[in-house]
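Generate coordinates for the entire structure from the input sequences, incorporating the hints supplied.
Given next are the chains, with one letter for each unit.
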Amino acid sequence: DTEVTQTPKHLVMGMTNKKSLKCEQHMGHRAMYWYKQKAKKPPELMFVYSYEKLSINESVPSRFSPECPNSSLLNLHLHALQPEDSALYLCASSHDPGDNQPQHFGDGTRLSIL
Amino acid sequence: QKEVEQNSGPLSVPEGAIASLNCTYSDRGSQSFFWYRQYSGKSPELIMFIYSNGDKEDGRFTAQLNKASQYVSLLIRDSQPSDSATYLCAVNAGGQNFVFGPGTRLSVLP
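Keeping their order, the protein sequence lines are chains S and D.
Just so we're aligned: 88 in the working numbering is position 88 of the first sequence, and the numbers increase by one with no gaps anywhere.
Just so we're aligned: 93 in the working numbering is position 93 of the second sequence, and the numbers increase by one with no gaps anywhere.
Don't read these hints as lab results, they were simulated from the structure.
Please note that a few of the clues may not be correct.
[What the hints assert, rightly or not] List time: in silico DSS-like cross-link candidates among lysine-lysine, alpha-carbon distance up to 30 Å: (1) Lys-56(D) <-> Lys-9(S); (2) Lys-42(D) <-> Lys-41(S); (3) Lys-2(D) <-> Lys-41(S); (4) Lys-38(S) <-> Lys-18(S); (5) Lys-36(S) <-> Lys-42(D); (6) Lys-19(S) <-> Lys-2(D); (7) Lys-2(D) <-> Lys-53(S); (8) Lys-9(S) <-> Lys-42(D); (9) Lys-22(S) <-> Lys-42(D).
Because the structure is a prediction, the values reported are computed rather than measured.
Written out as structure tokens, the structure reads:
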């Protein structure tokens with residue numbers, strides 16, 4: 001078990017559905033991240049939140065919408081996804097943005113788009 | 001474009017041997033270096049991190065950093081079948097600029 005908790009663990013949705021992925025950490029970390037990982041590939045950075053503000057958006061399509069309601073929570077809202085969006089979505093956190101501390105990953109949400 | 005390179009493997013070693021995993025990076029301004037282990041279908045798990053030139057040891061794991069050569073390695077002593085996984089090298093070139101290498105698949109043979 002990790003200290004970064006992601007729900008749900010698995011999600012199957014149709015291309016017209018709206019769903020959300022959730023991530024929670026209680027380590028007092030002030031930077032939180034969303035990554036997408038396809039099979040046999042490394043994680044690809046999607047978004048970074050620093051002190052609850054979006055600081056990096058790696059040109060992610062607008063069908064992915066991140067939200068950081070408070071310092072412990074990070075959401076990823078999904079709408080009108082495509083089959084190629086099927087992947088493992090990883091949330092990570094680190095102590096402080098820019099301090100070179102390691103990122104700690106949650107167990108991920110395995111997303112399948114029908 | 002900041003790049004991190006690793007030999008994709010698979011790297012096969014017999015049980016009890018030393019496994020040596022290598023990583024090179026392109027950005028000379030990189031400041032911190034991380035090794036993650038990822039089992040199939042699981043999330044990356046932090047194994048080691050290193051900031052300064054030289055060696056850093058933690059149990060059976062040793063990370064080695066040579067900034068002049070832009071090279072970081074991970075040695076696993078007394079390799080066990082449970083060490084079989086993909087090892088991801090990650091480099092932070094400052095701020096939140098965290099770049100992963102493609103990973104090396106390690107297979108430890110009983």
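Right, here's what the structure says about each hint:
1. Lys-56(D) <-> Lys-9(S): violated, 35 Å
2. Lys-42(D) <-> Lys-41(S): holds, 13 Å
3. Lys-2(D) <-> Lys-41(S): With Cα atoms ~17 Å apart, Lys-2(D) and Lys-41(S) stay inside 30 Å; holds.
4. Lys-38(S) <-> Lys-18(S): holds, 21 Å
5. Lys-36(S) <-> Lys-42(D): holds, 13 Å
6. Lys-19(S) <-> Lys-2(D): violated, 33 Å
7. Lys-2(D) <-> Lys-53(S): This hinted pair holds, its Cα atoms lying about 25 Å apart.
8. Lys-9(S) <-> Lys-42(D): Holds. Lys-9(S) to Lys-42(D) sits at ~11 Å (cutoff 30 Å).
9. Lys-22(S) <-> Lys-42(D): holds, 17 Å
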